[in-house]
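Since chain A is already given, all that's left is putting chains B, C and D on it; use the hints.
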Amino acid sequence: MLLKYAFIFILSGFALVLPLVSIVAGAILGPRKPDPVKNDIYESGLNTIGDTWIQFRAQFYLIGLVFLVFDLEVVFLYPIAMAYGRPEFGMAAVLVTLLFMALLIVGLVYDWRKGGLEWQ
Amino acid sequence: MPELPVEIPIPTPHQAVFIMVAVATGVASLLVVTNRNLFYSALCLVGALFGVAGVYVLLEAEFLAITQVLVYVGAIATLITFAIMLTRGIMFGVTSPNNRYMFAVMSMALLVFLLVAGVVDRVPWAVAEDLTLSGDGKSMIVDLGWEFVTTYALPLELIGLLLLIALVGAVMLARDDE
Amino acid sequence: MAEWYQVLMTALVGAGVPEWIATAVALLAGVTAIGLVAPLIALILVWLLRKVISRIQDRIGPNRVGRFGLLQTIADIVKLLSKEGINPSRADFMAYNLAPILSVFGVLLLFAVVPVTRGLIGVDINVGVLYIVALGSIGIMAALMAGWGSNNKYALLSGFRVVAQLLSYEIPLVLSMLAVVLYAGTMRFGELAEQQGNFLGLGWYVFLMPGAALIFFVCALAESEQTPFDLLEAESELIAGFHIEYSGMRFAMFFLAQFLGGFVFAWVGAAMFLGGWQGPGVDLPGIGGFLAAGYMMIKTFAIYLLMIWVRGTFPRLRVDQMMSFCWKILVPLTVGLISWQMVVQVLELPTPVIAVLVLVGNLLVMGIGLYAVGRAIRQEGFRTKRAFTPDSLIGTMQPVAE
Amino acid sequence: MVPLQAYLTLAAFIFSCGLYGALARRNAIAMLMAVELMLNAVNINLVAFWRYGPNRDDLAGQTFAIFVIAVAAAEVAVGLALIIAIYRSRKTVYLDEIDLLQG
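Chains as they are written, first to last, in the numbering used here: chain A, 1 to 120; chain B, 1 to 178; chain C, 1 to 402; chain D, 1 to 103.
Okay, chain A solo, but in the shape it has when bound (with noise of 0.2 Å):
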């Protein structure tokens, strides 16, 4: 099994190397003139006005809560998914996994009804 992963290991050894080369190939070829008026920032050619980092709502936090508790979810549906496969698995599995499925969708519920999802 390790050397599956041993693959995977030299692989992203090597899918860091490909970008970095490519980037340092194109900043050799590439000219380098730099001048303050092409450095400037480009925002729908307007001069920028005042710092970037102004405040967000805190909406996509939301949407980034949700997918958590979704996530976390997923982390312990796919296993029992593939226990399916053993020949004891019963009824009383399938409702411990259901009610843990329904206890979440109630947070979707509530989130919904707060207005969570909405974006305004």
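FYI, nobody ran anything at the bench for these hints, they're computed from the structure.
Please read these numbers as outputs of a predicted model, since none were measured by experiment.
Ideal Cβ placement from N, Cα and C applies to all residues, glycine included.
Check each hint, because a few of them may be wrong.
Simulated pairs of lysine to any residue, SDA-like, Cα-Cα distance not exceeding 20 Å [unchecked claim]: (1) C:K79 / A:V24; (2) C:K79 / A:G30; (3) C:K83 / A:P36; (4) B:K138 / D:F64; (5) B:K138 / A:F89; (6) C:K328 / A:I105; (7) B:K138 / D:A60; (8) A:K114 / B:E60; (9) C:K83 / A:L18; (10) C:K83 / A:P34; (11) B:K138 / C:K83; (12) C:K83 / A:K114; (13) A:K33 / C:S89; (14) B:K138 / A:Y5; (15) A:K114 / B:V168; (16) A:K114 / B:G26; (17) C:K328 / B:T150; (18) B:K138 / A:D35; (19) C:K79 / A:A27; (20) C:K79 / A:L29; (21) B:K138 / A:M1; (22) C:K328 / A:R113; (23) C:K328 / C:R316; (24) A:K114 / B:P13; (25) A:K33 / C:R90; (26) C:K328 / A:L29.
What the simulated footprint calls covered on chain A by chain C, stretch by stretch (three residues with Cβ under 8 Å from a Cβ of chain C suffice, anywhere in the stretch; the number is not a length) [as the list claims (entries may be wrong)]: (27) 5-18; (28) 75-84; (29) 89-97; (30) 107-117.
Then chains B, C and D, alone, in the frame of chain A:
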């Protein structure tokens, strides 16, 4: 050529990979807590979490490794980055200063590490003789799922309840009140 | 069935090479193959996209460089190589430069698990399906870093949107894949393809689970940032998205990652729903293997062409529509589908009955989904007649009132 | 084979880093990150003991590690929501400036 006084062992590929992963993880986690820029801390945290996933792979717990990447790198690190962006005024320079107990805490943490490392080295661990895993990795995942719905059915429901409560609480806390 | 690296290693050891060198050579050969094939595929994809989109829009497309414009992409690469890499003022060096590298990194790693033919899979790991989803999150991190590091309001807003979109659509994506895993009982792509081999190699899961396949396709479109979900780089709102401040090779890296990402999702879809390498005649000795690899590529490119077709015809969604569609339609539908399948499969029924019930559930899901979308479109028709507030388009761009 | 002690030492190192960060940082988010490191160190230990223990068919170590990950996720979700809420009302994420209870 003179003989070396200590024979340097040549690591097996498995050991060599472990050393690489361990050093990377250790350095990344050290940078998480010493970096003065909070955003860089978060990036280093992602690196450290990846390293821990690599450690799980070396321990042949592949489902746990993929869980680590899925939950920690995919969700938790992203949420932390969001929170960093949501809560700061100016992002340049020192955004993550230390408090006045820094040196005391540093020496304490060092002491804890040395103590634990020393103890770990001296304890005669009851390590199994034969370390090969029985069955393939697939049967392990199947067993994990089976454990979740039988032995650990109650903890599973409790986790579901905990997540529900966490979601409700966090939504109430973080919502924009207009 | 022996895997490719085992065959290679046995051959090398047989030739008298020490075992550890044989292992290293085999693994390096595999990595090199992926490293050569992936950029080549990207070249073909760019050319294909341009040609097909041009045809849809009643144009000819590139036809000057090489026959049928086949070398146009290479000319573009030469152009991109000779361009100046501009460093925007006050950009964050680490985040800005790491982002394009990481986005390619995440996509190239996905090529490790997608299957070509029997025994010719980079590595057939036990968690293959989850691996695809988990490593997709590297792209999210890269987009966030690019948006944050560019010191540009549009880039940052787009970076936030990327995260919101990709995170949201990951849930129905992974749940629709769970439907297949639940039925097949495996997460290995090799075994998934094996199990679809009945009925002369036509027992594909798309016939059994059309609902899951449709949801997977929609989510794959969203995950690879294609139309109608490409409002991350909507020209009219965000100019070019999180990579607006990138030029030269660094821009090319984002481009490469996006194309390859879409292709990998098409590949995964072909492997999970269209039977992988299965097809008539794959068990023949000799040509069977080549036929299988051919089927795999044809299916993958068919799905990719479908993606291009969608790209050429569909209008773009709004942010709020996109998020509602995901959380209010797709997620409940997939959860319902999974629950249905869980109940059906645990009943002690003969296999054909279970298959029919699963199919009924999928058709039900498709029906409800299409009805919900239709209703939403009708409501939207009323809504757009009213004067709309520009605030809803700019959305979260407003600073919070002090 | 890598000895068990190597894994335990690595976990101890990560735990100490987390301990230092959790106590020495002023920023609440940095503290949360340090707590995550400590939980990860614990997980490494759990899995290492499972792998090197006498009964590897008993998956308690791995199961527990997954539960730890789930609890950590819930902790992060609520913790960050608290930080965001406090930041909204008090405009700070520095823990020593948050002294609601001192009257």
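We went through each hint and held it up to the structure:
no. : hint            : result
1   : C:K79 / A:V24   : holds, 15 Å
2   : C:K79 / A:G30   : holds, 9 Å
3   : C:K83 / A:P36   : holds, 18 Å
4   : B:K138 / D:F64  : holds, 19 Å
5   : B:K138 / A:F89  : holds, 17 Å
6   : C:K328 / A:I105 : holds, 11 Å
7   : B:K138 / D:A60  : holds, 17 Å
8   : A:K114 / B:E60  : violated, 43 Å
9   : C:K83 / A:L18   : holds, 19 Å
10  : C:K83 / A:P34   : holds, 12 Å
11  : B:K138 / C:K83  : violated, 49 Å
12  : C:K83 / A:K114  : violated, 50 Å
13  : A:K33 / C:S89   : holds, 14 Å
14  : B:K138 / A:Y5   : holds, 15 Å
15  : A:K114 / B:V168 : holds, 10 Å
16  : A:K114 / B:G26  : violated, 42 Å
17  : C:K328 / B:T150 : violated, 32 Å
18  : B:K138 / A:D35  : violated, 58 Å
19  : C:K79 / A:A27   : holds, 13 Å
20  : C:K79 / A:L29   : holds, 10 Å
21  : B:K138 / A:M1   : holds, 11 Å
22  : C:K328 / A:R113 : holds, 11 Å
23  : C:K328 / C:R316 : holds, 19 Å
24  : A:K114 / B:P13  : violated, 54 Å
25  : A:K33 / C:R90   : holds, 17 Å
26  : C:K328 / A:L29  : violated, 50 Å
27  : 5-18            : holds (count 11)
28  : 75-84           : holds (count 5)
29  : 89-97           : holds (count 6)
30  : 107-117         : holds (count 3)
In this structure, the hints that do not hold are numbers 8, 11, 12, 16, 17, 18, 24, 26, in rising order.
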